[in-house]
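Chemist: For reference, the chains in residue letters:
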Amino acid sequence: MPDERKIILRTSGLTKVFGFGRNKTLAVDHVDIDIYESEVVSIVGESGSGKTTFAKMLLGLLKPTEGEIYFQGKLRDIGSRKKRKEYWKNIQAIFQDPYSSYNTFQKIDAVLLDCIRMRGDGKLPYEKKVELMAEACSFVNLKFEELTNKYPFELSGGQMQRLMIARIFLLKPKILVADEPTSMIDACSRATILDFLMQLRDEIGMTIIFITHDIGLAYYVSDSVHIMERGKFVESGTADEVILHPKGAYTQRLISDVPKIYEEWDLSTVEYSS
Amino acid sequence: MKHTLQQVFSSPRFVVGFSIFMFIVLTVIIYPLFVRADPLEIIGEGTFFEPGVYVSVYDSIGSSPYTLKLDDAAANRIAGKLGDEERLAMQEWLVAYGIPENEIDIQDTEKLLDQWVNNYDPTEKIEGMTNAERRYFQRLDESLKGVLATEGVTIAVENTETGTLEEVDSVEQTDYVNISQVPNVRVLPLGTDNFGRDVLTELVSATGTSLKIGLVAGLVATTIGLILGLLAGYIGGLVDDVIMFVTNIFTVIPTFVLLILVTFSVGQEYRGAMTIAVLIGLTSWVWTTRAVRAQVISLRNRDHVNLSKLSGHSTTRIILLSILPFIASYVVMALILQISTAILAEAGLSILGLGPRTTEVPTLGLMMNWAMIYSAHLMGRWWAYFPVLLVIALIAFSLNLMNTGLDQVFNPALRE
Amino acid sequence: MENVILEVNDLTTKYITRYDEDIYAVDHVSLKVEETKSLGIAGESGCGKSTLALSLMGYYFPPLHYTEGEIIIDRRNISGMDPDEIRKSILGREIAYIPQSAMNALNPTRKIINFIEDVIQAHDMYVNKKEIYERASGLFETLGLPAEVLQKYPVELSGGMKQRTVIAISVILFPKVLIADEPSSALDVTSQKMVIKMLKQLLETGFISSLIFITHELPLLYNVTDDIMVMYAGQIVEQANAKEAVFDPLHPYAKGLMGSIIVPESGLRDVKLTSIPGVPPNLKNPPSGCQFAERCKYVRPVCKAMSIDLRDLVDGRAYRCIIPEDELRDLYQKEADQNAR
Chain S
82 MPDERKIILR
92 TSGLTKVFGF
102 GRNKTLAVDH
112 VDIDIYESEV
122 VSIVGESGSG
132 KTTFAKMLLG
142 LLKPTEGEIY
152 FQGKLRDIGS
162 RKKRKEYWKN
172 IQAIFQDPYS
182 SYNTFQKIDA
192 VLLDCIRMRG
202 DGKLPYEKKV
212 ELMAEACSFV
222 NLKFEELTNK
232 YPFELSGGQM
242 QRLMIARIFL
252 LKPKILVADE
262 PTSMIDACSR
272 ATILDFLMQL
282 RDEIGMTIIF
292 ITHDIGLAYY
302 VSDSVHIMER
312 GKFVESGTAD
322 EVILHPKGAY
332 TQRLISDVPK
342 IYEEWDLSTV
352 EYSS
Chain E
342 MKHTLQQVFS
352 SPRFVVGFSI
362 FMFIVLTVII
372 YPLFVRADPL
382 EIIGEGTFFE
392 PGVYVSVYDS
402 IGSSPYTLKL
412 DDAAANRIAG
422 KLGDEERLAM
432 QEWLVAYGIP
442 ENEIDIQDTE
452 KLLDQWVNNY
462 DPTEKIEGMT
472 NAERRYFQRL
482 DESLKGVLAT
492 EGVTIAVENT
502 ETGTLEEVDS
512 VEQTDYVNIS
522 QVPNVRVLPL
532 GTDNFGRDVL
542 TELVSATGTS
552 LKIGLVAGLV
562 ATTIGLILGL
572 LAGYIGGLVD
582 DVIMFVTNIF
592 TVIPTFVLLI
602 LVTFSVGQEY
612 RGAMTIAVLI
622 GLTSWVWTTR
632 AVRAQVISLR
642 NRDHVNLSKL
652 SGHSTTRIIL
662 LSILPFIASY
672 VVMALILQIS
682 TAILAEAGLS
692 ILGLGPRTTE
702 VPTLGLMMNW
712 AMIYSAHLMG
722 RWWAYFPVLL
732 VIALIAFSLN
742 LMNTGLDQVF
752 NPALRE
Chain F
47 MENVILEVND
57 LTTKYITRYD
67 EDIYAVDHVS
77 LKVEETKSLG
87 IAGESGCGKS
97 TLALSLMGYY
107 FPPLHYTEGE
117 IIIDRRNISG
127 MDPDEIRKSI
137 LGREIAYIPQ
147 SAMNALNPTR
157 KIINFIEDVI
167 QAHDMYVNKK
177 EIYERASGLF
187 ETLGLPAEVL
197 QKYPVELSGG
207 MKQRTVIAIS
217 VILFPKVLIA
227 DEPSSALDVT
237 SQKMVIKMLK
247 QLLETGFISS
257 LIFITHELPL
267 LYNVTDDIMV
277 MYAGQIVEQA
287 NAKEAVFDPL
297 HPYAKGLMGS
307 IIVPESGLRD
317 VKLTSIPGVP
327 PNLKNPPSGC
337 QFAERCKYVR
347 PVCKAMSIDL
357 RDLVDGRAYR
367 CIIPEDELRD
377 LYQKEADQNA
387 R
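As you go down the protein sequences, you meet chains S, E and F in turn.
Using this note's numbering, the first residue of the first sequence is number 82, and each one after it goes up by one.
Using this note's numbering, the first residue of the second sequence is number 342, and each one after it goes up by one.
Using this note's numbering, the first residue of the third sequence is number 47, and each one after it goes up by one.
There may be inaccurate statements among the hints.
[Said to hold, decoys possible] Computed list of lysine to aspartate or glutamate pairs in EDC-like fashion (alpha-carbon distance at most 20 Å, straight line):
no.: 1; chain 1: F; residue 1: K330; chain 2: S; residue 2: E235
no.: 2; chain 1: S; residue 1: K341; chain 2: F; residue 2: D316
no.: 3; chain 1: S; residue 1: K341; chain 2: F; residue 2: D383
[Claimed, not checked] Label-pair ranges, simulated between beta-carbon atoms:
no.: 4; chain 1: F; residue 1: P333; chain 2: E; residue 2: D581; range: 52 to 60 Å
no.: 5; chain 1: F; residue 1: P333; chain 2: S; residue 2: R200; range: 52 to 60 Å
no.: 6; chain 1: S; residue 1: K313; chain 2: F; residue 2: Y65; range: 34 to 42 Å
I should point out that these hints are in silico values taken from the structure, not numbers from a laboratory.
Everything numeric in this text was worked out from a predicted model, so none of it was measured.
Beta carbons: idealized from backbone N, C-alpha and C, even for Gly.
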């Protein structure tokens, strides 16, 4: 049955090599991926698997050593600054550590005002801008009047991460790359963050690419999952396929190593190694 | 910002260093307002006058005298002329003359003087006495004349027409003048140097010049270091390679040698204070560049920088807003260190004679240079070099103390 | 009831800030751990679980100060003991503590065996190096660590290996109680599993008499510990055996916490994760009444008026809420039904 969904982002043989000579490291090894519009994709891997490097290349923050990236069917061209700015209207990111995502010397209003400018609404009168910022804040259950003119260190971690989502609300990109968005958030607040992201997907059809080491999270939110090991995709499929019926040995081991509460967690298969 | 300033001023080391430094700066600014003398003005004929209060003898004669009867006046007068050394010398001569030693009591001033006056004969040839010693005793004798006298002296002025001396005034031994009523009194707390200049005024002016040189040199070095470090660290690639290549060249050549060669080739006529400052700055930016570059490299992969890029900011804007504020504290500390190093470098250059032209302004290094050339240290003329050393040391010390204090403020891990 | 190895009654400790403010990080905590049993302490950042771990050792240094309460290890009351006495006879021997990221405590310039020698000699045990080596390699082999590790430097070992080494060293004097604070958080899942297995083995083989496991990851506690204690704002809010705590929590905070667990198991995709709005209270100015009241869905006026005590139920179960247990279960059931629709 032909897949009628449109592919929004596609890579072919994407590779990244760091260093040269004897110190060469192959961080991302000829990866092919098809990402469909409005899909929630998770790229799962342990630390050192290359998933963050891969994400940075998708975002255009890192130049690939080899391979091509296709955006909306056409070869991506971010050669000039103008073209990069155009690309970034369509793809944005949320990072893991809410504290380091902010410039501690600027008030948090600056973050939102930058987004307004990027949308092309920089010339609007200030009251109109405030309206937009208040709307974005209320989407994530924050009150703009309480936050305006504050510095990042005056907010809590959860508030800062939610403000990052408010930023996404203002920009409404087609693709969002979320790099471990909840790993530094308290468990009680995680669901809120995930709910907001899902809401954006439902309302504006935003594609979400989760980068995570938490396979439980990947199972909970994603439509499709890719397991990454040492720069390569070792297993891909829908969430149910990959996690409930894993085929590869690495995937199986990864899943069996996560503690379970409904099923029995088998500790006997552990082999000691250094 | 305010919070940072509060923290900075609650660090004890910073406050102490800052106070010392400000004290020096304020002295440099305020002193010339009260003492309007040209620091390079030669006021002493002769070298290395000792520190003290110099009163014009001529004017003190003209001032109205006050009569003070002090018991110890006579004793002080004699003690001034007859120290232990002189008494022993007199005893030596008298013994050599033939007077039995047990008859001489050097503590009994009157008797000793009596014996001397009655017996001393400058023409007497004593065996084993050198010419120099003979002249010494002659001088001693001269200076003793009138030491026990109680009469005053008479001041006479030569009548230009007749050529005779006409009495004008007389001065009694009990006449005293009030210094504040004497028109020409010069306090020289640090005496004069080899040229005869007031060391204190010269020192204040020299400190000012050295501080200016330090500031200019420090600013030049830090600005160059900051710009090169930012560009090399953030842009990377070819720009980084080129800048690092140049930096490495400057690292391999010892800066001080380079400085010497450059100032030497600039030539005497062009060596003004500001020229020297710029030259010092142009040869000492290496360390700052390296340090800034390292910091920038670690900053450029931070999330907020990436987010800035994703928000479409230009490279200049990212460097200025997302990188620069994070290294600002570091740069301030680097600036302080560069100023300190520059002042020491200028001192070093001047001691070698390669400093600013000696005819324009004095600098701390030049003062050291003159003191050394004229052997002040060998002659025990401590006032010509020791205060200068102290000021150089205090400036460097206070700046470094400020730096340590700042370091503790910005790097909480170092706090005790 | 088996032998109670660790008994804590009303332990209260506080931090004194440099502005002379008192922060009660551990507020009247009582617990009991029996021989061969393990207790898990769950809670989020700032709830006081790490401070509790420190406080249990009886070894206080500023800004942490002991206020009141008793700590009894194997019938020996150590609260109020002289710090030197505690260091010599209690730490390492009666009670051992593995702090978070303990593997970073290994001196990078010395071999593992040197570290073990230091530990043993610091406890005034005059054993020669050969005996130490034999004892250590015996212990390591039993725990599944190769004896070559002893001759290696920390930098030559992986993260998981280092953590297991540190755990092995901490039990070398066979303490009665082992407190592990987030022993596996910084590790990848495979190393984490190995650490967990080792801890369970220590308990099963009798190297340690009891285990206290502190973490914010509830699935770990469910698989490792017999009982679970949930802390919030320095107080215990729920205490039950592992199964009850995870599947039948009573305190609204515990309920919310259990509802936010994510595991890669079938059926989970259809469950709605719960989340609790707001943030924990600032312990510098704790609110009057129930500490959780401002975030609680079921709050009533009386909750903010008076401080709430732990309500004891049968079998050592307890929770800190004014609402009776049946009413709470009813409320939870109603909510679950609503969500299902």
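Chemist: So, for every hint listed, does it hold in this structure?
Modeler: To see whether the hints hold, each was checked on the structure:
Between K330/F and E235/S the CA atoms are separated by roughly 16 Å; this keeps the pair inside 20 Å, and the hint holds. The suggested pairing of K341/S with D316/F holds, with an alpha-carbon distance near 17 Å, which does not exceed 20 Å. A hinted pair counts as satisfied when its Cα atoms are at most 20 Å apart, and K341/S with D383/F does not qualify at roughly 25 Å. Between P333/F and D581/E the Cβ separation comes to about 55 Å, which falls inside the hinted range of 52 to 60 Å.
Distance hint check for P333/F and R200/S: the Cβ-Cβ separation is about 41 Å, which falls outside the suggested range of 52 to 60 Å. In this structure the hint that K313/S and Y65/F lie 34 to 42 Å apart at CB is violated, the actual value being about 54 Å.
In the structure shown, a violation is registered for the earlier hints numbered 3, 5 and 6, in ascending order.
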